[in-house]
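Colleague: Below, each chain spelled out in residue letters.
2 protein chains.
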Amino acid sequence: MDKILRIDMGAKGGPKARVDTLGDYAGLGGRAMTSAIIAKEVPPTCHPLGPDNKIVFAPGLLGGTSASMSGRISVGYKSPLTGGIKEANAGGQAAQVIARLGYAAIVFEGQPGDGKLFQIFIDKDGFNIQPADELRMLGNYDLIEKLKGQYNKKATFISIGPAGEMKMHVSSVACTDREQRPTRHAARGGSGAVMGSKGVKVIILDDTGTKRIAPKDVEAFKAANRIFSDGMKKHPVTGEGLRAYGTNVLTNVLNEAGGYPTRNFQRGRFEGKDKISGETIAALEVERGGSDEHSCHTGCIIKCSGIYNDKDGNYLTKQPEYETVWAHGGHCEIDDPDAIAMMDRLDDDYGLDTIEMGAAIGVAMEAGIIEFGDAEGAINLLHEVGKGTPLGRILGGGAASVGKAYGVVRIPVVKGQSMPAYDPRAVQGNGVTYATSTMGADHTAGYAVTANILAVGGKVDPLGPAGQVELSRNLQIATAAIDSTGMCLFIAFPLLDQPETFQALIDIINSLHGLSLTADDVTALGKSVLTTERNFNIAAGFTSAHDRLPDYFKTEPLPPHNVVFGVTDKELDTVFNW
Amino acid sequence: MDKILRIDMGAKGGPKARVDTLGDYAGLGGRAMTSAIIAKEVPPTCHPLGPDNKIVFAPGLLGGTSASMSGRISVGYKSPLTGGIKEANAGGQAAQVIARLGYAAIVFEGQPGDGKLFQIFIDKDGFNIQPADELRMLGNYDLIEKLKGQYNKKATFISIGPAGEMKMHVSSVACTDREQRPTRHAARGGSGAVMGSKGVKVIILDDTGTKRIAPKDVEAFKAANRIFSDGMKKHPVTGEGLRAYGTNVLTNVLNEAGGYPTRNFQRGRFEGKDKISGETIAALEVERGGSDEHSCHTGCIIKCSGIYNDKDGNYLTKQPEYETVWAHGGHCEIDDPDAIAMMDRLDDDYGLDTIEMGAAIGVAMEAGIIEFGDAEGAINLLHEVGKGTPLGRILGGGAASVGKAYGVVRIPVVKGQSMPAYDPRAVQGNGVTYATSTMGADHTAGYAVTANILAVGGKVDPLGPAGQVELSRNLQIATAAIDSTGMCLFIAFPLLDQPETFQALIDIINSLHGLSLTADDVTALGKSVLTTERNFNIAAGFTSAHDRLPDYFKTEPLPPHNVVFGVTDKELDTVFNW
Numbered sequence: 001m002d003k004i005l006r007i008d009m010g011a012k013g014g015p016k017a018r019v020d021t022l023g024d025y026a027g028l029g030g031r032a033m034t035s036a037i038i039a040k041e042v043p044p045t046c047h048p049l050g051p052d053n054k055i056v057f058a059p060g061l062l063g064g065t066s067a068s069m070s071g072r073i074s075v076g077y078k079s080p081l082t083g084g085i086k087e088a089n090a091g092g093q094a095a096q097v098i099a100r101l102g103y104a105a106i107v108f109e110g111q112p113g114d115g116k117l118f119q120i121f122i123d124k125d126g127f128n129i130q131p132a133d134e135l136r137m138l139g140n141y142d143l144i145e146k147l148k149g150q151y152n153k154k155a156t157f158i159s160i161g162p163a164g165e166m167k168m169h170v171s172s173v174a175c176t177d178r179e180q181r182p183t184r185h186a187a188r189g190g191s192g193a194v195m196g197s198k199g200v201k202v203i204i205l206d207d208t209g210t211k212r213i214a215p216k217d218v219e220a221f222k223a224a225n226r227i228f229s230d231g232m233k234k235h236p237v238t239g240e241g242l243r244a245y246g247t248n249v250l251t252n253v254l255n256e257a258g259g260y261p262t263r264n265f266q267r268g269r270f271e272g273k274d275k276i277s278g279e280t281i282a283a284l285e286v287e288r289g290g291s292d293e294h295s296c297h298t299g300c301i302i303k304c305s306g307i308y309n310d311k312d313g314n315y316l317t318k319q320p321e322y323e324t325v326w327a328h329g330g331h332c333e334i335d336d337p338d339a340i341a342m343m344d345r346l347d348d349d350y351g352l353d354t355i356e357m358g359a360a361i362g363v364a365m366e367a368g369i370i371e372f373g374d375a376e377g378a379i380n381l382l383h384e385v386g387k388g389t390p391l392g393r394i395l396g397g398g399a400a401s402v403g404k405a406y407g408v409v410r411i412p413v414v415k416g417q418s419m420p421a422y423d424p425r426a427v428q429g430n431g432v433t434y435a436t437s438t439m440g441a442d443h444t445a446g447y448a449v450t451a452n453i454l455a456v457g458g459k460v461d462p463l464g465p466a467g468q469v470e471l472s473r474n475l476q477i478a479t480a481a482i483d484s485t486g487m488c489l490f491i492a493f494p495l496l497d498q499p500e501t502f503q504a505l506i507d508i509i510n511s512l513h514g515l516s517l518t519a520d521d522v523t524a525l526g527k528s529v530l531t532t533e534r535n536f537n538i539a540a541g542f543t544s545a546h547d548r549l550p551d552y553f554k555t556e557p558l559p560p561h562n563v564v565f566g567v568t569d570k571e572l573d574t575v576f577n578w
Numbered sequence: 001m002d003k004i005l006r007i008d009m010g011a012k013g014g015p016k017a018r019v020d021t022l023g024d025y026a027g028l029g030g031r032a033m034t035s036a037i038i039a040k041e042v043p044p045t046c047h048p049l050g051p052d053n054k055i056v057f058a059p060g061l062l063g064g065t066s067a068s069m070s071g072r073i074s075v076g077y078k079s080p081l082t083g084g085i086k087e088a089n090a091g092g093q094a095a096q097v098i099a100r101l102g103y104a105a106i107v108f109e110g111q112p113g114d115g116k117l118f119q120i121f122i123d124k125d126g127f128n129i130q131p132a133d134e135l136r137m138l139g140n141y142d143l144i145e146k147l148k149g150q151y152n153k154k155a156t157f158i159s160i161g162p163a164g165e166m167k168m169h170v171s172s173v174a175c176t177d178r179e180q181r182p183t184r185h186a187a188r189g190g191s192g193a194v195m196g197s198k199g200v201k202v203i204i205l206d207d208t209g210t211k212r213i214a215p216k217d218v219e220a221f222k223a224a225n226r227i228f229s230d231g232m233k234k235h236p237v238t239g240e241g242l243r244a245y246g247t248n249v250l251t252n253v254l255n256e257a258g259g260y261p262t263r264n265f266q267r268g269r270f271e272g273k274d275k276i277s278g279e280t281i282a283a284l285e286v287e288r289g290g291s292d293e294h295s296c297h298t299g300c301i302i303k304c305s306g307i308y309n310d311k312d313g314n315y316l317t318k319q320p321e322y323e324t325v326w327a328h329g330g331h332c333e334i335d336d337p338d339a340i341a342m343m344d345r346l347d348d349d350y351g352l353d354t355i356e357m358g359a360a361i362g363v364a365m366e367a368g369i370i371e372f373g374d375a376e377g378a379i380n381l382l383h384e385v386g387k388g389t390p391l392g393r394i395l396g397g398g399a400a401s402v403g404k405a406y407g408v409v410r411i412p413v414v415k416g417q418s419m420p421a422y423d424p425r426a427v428q429g430n431g432v433t434y435a436t437s438t439m440g441a442d443h444t445a446g447y448a449v450t451a452n453i454l455a456v457g458g459k460v461d462p463l464g465p466a467g468q469v470e471l472s473r474n475l476q477i478a479t480a481a482i483d484s485t486g487m488c489l490f491i492a493f494p495l496l497d498q499p500e501t502f503q504a505l506i507d508i509i510n511s512l513h514g515l516s517l518t519a520d521d522v523t524a525l526g527k528s529v530l531t532t533e534r535n536f537n538i539a540a541g542f543t544s545a546h547d548r549l550p551d552y553f554k555t556e557p558l559p560p561h562n563v564v565f566g567v568t569d570k571e572l573d574t575v576f577n578w
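Same order as they appear, the protein sequences are chains A and B.
Per the numbering used here, the very first residue in the first sequence carries number 1; after that it's consecutive.
Per the numbering used here, the very first residue in the second sequence carries number 1; after that it's consecutive.
Since the hints were made in silico from the structure, they are not lab data.
One should not assume that every hint holds.
The list treats identical chains as one, so a pair stands whether inside a single copy or across any two.
Simulated pairs of lysine-lysine, DSS-like, Cα-Cα distance not exceeding 30 Å [to be verified]:
1. 554 <-> 116
2. 554 <-> 16
3. 16 <-> 153
4. 554 <-> 12
Make the full structure from the sequences, and use the hints.
Modeller: The following block contains the structure:
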C-alpha cells in the first residue's frame, strides 16, 4: 500500500498507466484517500462526465490485513447526481485484493475521445489494458460469467452494467463477492456513469502470489483484533440481529417506530410490511435452500447478507438489503418479496443504485406513470432503464429527474440524491444527516437511527429536534473516520456502546502501522475528511441553501405520529461548527 | 396603475381574487415590479412548481400610455429551469391592456390541490374566474380560436399550451398580438409551467371603456415622445435593419463575425445561412403574400416582425425571430426556412421557448437521437414534446435535461438555461452576460452584441476579454432599467448612440408621472433591480460557481477564429462590483 496506480484513459495513442508514489496522500485510506484526491485534483465546477473528473478506488487503512470487517472499498468522484464530491462504499473482495497488490489507490483520469471501452487486468506483476468493445451493454452477471473462465478462480471484478455505459445518474459500480457474484455495489451518486465516462467496463484483479499485509506489531494486532471481534459478537445488533435477519431486520423496527416511508413518503407505516420483513425473507431463503447468512468479503464476521433463491430453488440474488426492500417495497407499496428480489437482481445486473432506482419508481408512481403497488409495472420500468428507452433515461436520472420531467412537487431528495428508508420527520436525527451531509441524502453518512430508534450510543427522541444536531454531527465525524479505515460501518454499533471495542479498533490501527493514535486523532481525522469534502462542495457552488430538506417535510405531518421535521435552518447551519 | 390584483388559486372553496394597494411596490413597473414581488414574497428555496411560488404579470412604468414602444410585459417567478428568480418579457397587447385596466401587477398565488384548470376574465368592472377543464391540452392557437368568438373582438389573451399544463421547463406564456394571434411569448425559464402549476389556462383581458393613461404634463410628454420616436427612426438598426429584415438580419451579421453557433456550438459559421437569413425570409414572406413588417403591439414603430405564410399562401406563423431561426436552424444544421417556420408555429402552439427548445433538439442531435440537419426529425421531436411522450418530457426539460439523460458533456447552458444565438467565444461580451446574469444564459440581459459586433455604443473587440466586463455590467444595468419601463429593449440601440434620445426617454417618464429623474436615477434603478435579483439567487443557493460558462468554452477553440472564452473567473466576479 505504498503506491498509487494512475491510468490515463485519455492518453494519446490509448490508455496509459503509471505507478506513482503516495506523495501528499501518504497515511490516508478509504474515504480520506478518495476525498483528498478528488478535492486536490478535480476542478470543483467541471462536468462530472467530462475528462477533468477522476474516479478513485481505495481500500481503507486496514485493507488487506486480517483485521475483521476490513474489506470495504471507497470509490470517490465528483457525482453527476449531486454535483458535489462523493464517496460510495462497497463490500466484496476488491478492497482486500487492491491492498494486497500494494495499491493505496487506483485512479482513472481523462477519457477516450472515441467512446471506446476497455478492460483492465491488474496482478502482482503489473497491469494490462485491452479494448473491450465486445463486452458493450453486457449486464454485470453476464459480464462476469463471460470473463471469469479466462481468469484465476479467485479473481475479483469491478464492473459497470449498461446503466453505467449509458452514463445514467443512478448507475453503480459493482464489485464481486467471494463467489464472484457482482452483488456488492458502490452505488450512490452515479459512480457507474463516471467509470463509464472513462471507458472502463471492467477491472479484473488477481492477487495470486501476494500476502496479507503484516502488522508492525503482530502480537498486539492479534490481541486487539480478538477484543474487537469479541465486541462485535457480543453486541446484540452485530452479533444477533444482523446475522439472523440481515439489515432487513429494520423493516419491522422502522415500521413500529412510524418512520418507514410509505407511498413516496406519505405515511410512516406500511400495511404490507409482514410480507417483506427480514424475518419473513430469512425464513423464505432457508425454505428455498438459499441461506439467511452470508459474508460479502473475506474477514466479515457479521454475515448480514444471505442467498435468495427463486421459487424453483435457483439462485436469484443476494439477500436484499433493508434499504432495497424499502425502496422497491414500501416506498412503492409493493409487498411481494419475489418481485423485490427480482428488482434487486436487475439492479445488480444493469448496475443501478437500488435506493435511487426505487425512489425514482416511487416518484413515477406519484406522477401516475404506473400505479402504486404495481410490482409487474415496476419490474417493467427497470427493464426500460436497462434498455435505455426514453422513459428509462428519465428514471435513470433518479428521483429528481422523474420529478422534473413530470412536474412532481413531492420529490424526497437533498442535493439531488434520494432519501433512503427512514423518514426524516420520524427519525429527525437522520433528517439532519440527510440535509447536511456532503453526500446528499445518505443514511450511512450519519446514521442517527442508532440513538433515535435502536437505543445504541444513548437515546435521543426521534420525533423532535432536541439533540439531533449534536447526534448527527458526532455520527458524521465518526463515520468519515470509519469510512477511512476500510471497516464495515456496522462496527459502529459496538463502538458506540463498548469503550473497549473502540479502543481495540485504535489498537488495531496502531499495531498495524506502528502508530500511537488516540481517540482524539480519530475524531480529528473524521473532521478533516468532512472539511475537505465541504470545501470541495462550496467551491462547486453549494451553500447552506443546499443543506435543507424539501419544504414539504416541514409542513406536511407524517402519520401515524403526525410530526413535521422540526430542526430549524439555523440549527442545521451549526452542524459543522466544531 | 394604482392597484395590484391578487388571485389566490389555492383558496378554500376555489380561487379567490382581491384588489390590493401598491404598498411597498408603489413607483415600480415591469421587471422592477416583478422582481420586487418575487424577492419579497416567495421563499427562495421553495419548489418552483409548489404553492409557495408566485407568478406576476406587470406592465412597465410607461405601460398603457401613448409612448412609443411601451408595450412590453414582464412576467416574474422563481424559475423551474434555473432555480433562480426570473423575469421573462414579451410584446403583444397584454401590457397595455393591464395598465389601462388600472393594474400595476396581477399576481397568482397558491395552487388548486386537485389539478383543476381555470380561465380568468378581467375587464374594467372586475374579474370572473371559471373552471376551464374543457380547455385542457388545447394548443394556444386552438385555444384562442375557440375562445375569441365569446369575447370582444379586441380582447387580449394570456395563455399556456400543453407544455405549460405538463409543467415542462421549456414551457412559455403566450400573449396575443393585435390580431389575436398567440405569437408573443414570455418564454424563458418555464413561465408556462409556473402558470400551469397555478391551474391558470388562460387570462382574458378586455379594456373596453378604459382610456390611455394620461400624462401629468401632456405637452412635455408629447414633445419628448416626438424626439424619442425620431431617434428611433433615424438610427440605422431600429429605423432600417430591424424593419426590413426583422431580428433575423443578424444571421448574416453573426455568421460574418464567426460567432454564429453552429452544430451545437462546434463552429462559428453555418454553410446554410443564405437559405435562412433575414434577407431570404423577408423576400419569401413578401413573395407568398405575407409581410416583412409587422408591429407586435400598439405603439410599436419599429415593426421588426412580419407574417410568414406557407407555400399555399396561408398564414403559418409570425416572422421567426433571429434566435428562433438560429435555434431551430444553424444550431441543428437545418437550412429549410419552411421547417423552421413550422417549428416556430409549433413552439407557439404547444407553448414553448423557441431558444430552449431548439437548443434541446441540438443536444439531442449531439446525443445521436436524430442526425444534425434532419428537419423532419426535429419537427417530430417537437410533436413528442407536445404529446408529452417520455422522449418529449426529456426534451421538454430543456438542453440540460437532454444532456443529463443521455450523458452529453457539451451542454451550452448557464444556470441550467441554454445560451442563445451568439457564441460566447466570438462575442465575449455576451459570454460575460451569459455567465453572470441573474437569469441564466440570456442574450437580452446585457446585449453586448452592440459594441462587440454592431459598433453601437462604442466598439469592443469581440474576440478578446478586454473591456467585456465593463461592457456587460453597463448593459445589464441599463437593461434592468429599460425592462422596468415596459419599453421594447430595441430602444437601447438609439439610446446608446444618441444622448438626446436617452434624455427624451427620461423626459417621457418624468412628464408622465410628474417626476424629475435624472440619468443617475435610471442607473440606480437598474442596479437596484439587479441587486434584488442577485440577493434572491444567493438565498436560493447560487454562488460565484454558478456565474461560469461550461468549461469547454474555455478549452475548445471556436472556428473560424479559433478563440476560447478569455474572461477569467476573477474578472467575472467583478461584474456586480459598482
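Colleague: In ascending order, which of the hints set out earlier in this document are inconsistent with the structure?
Modeller: none
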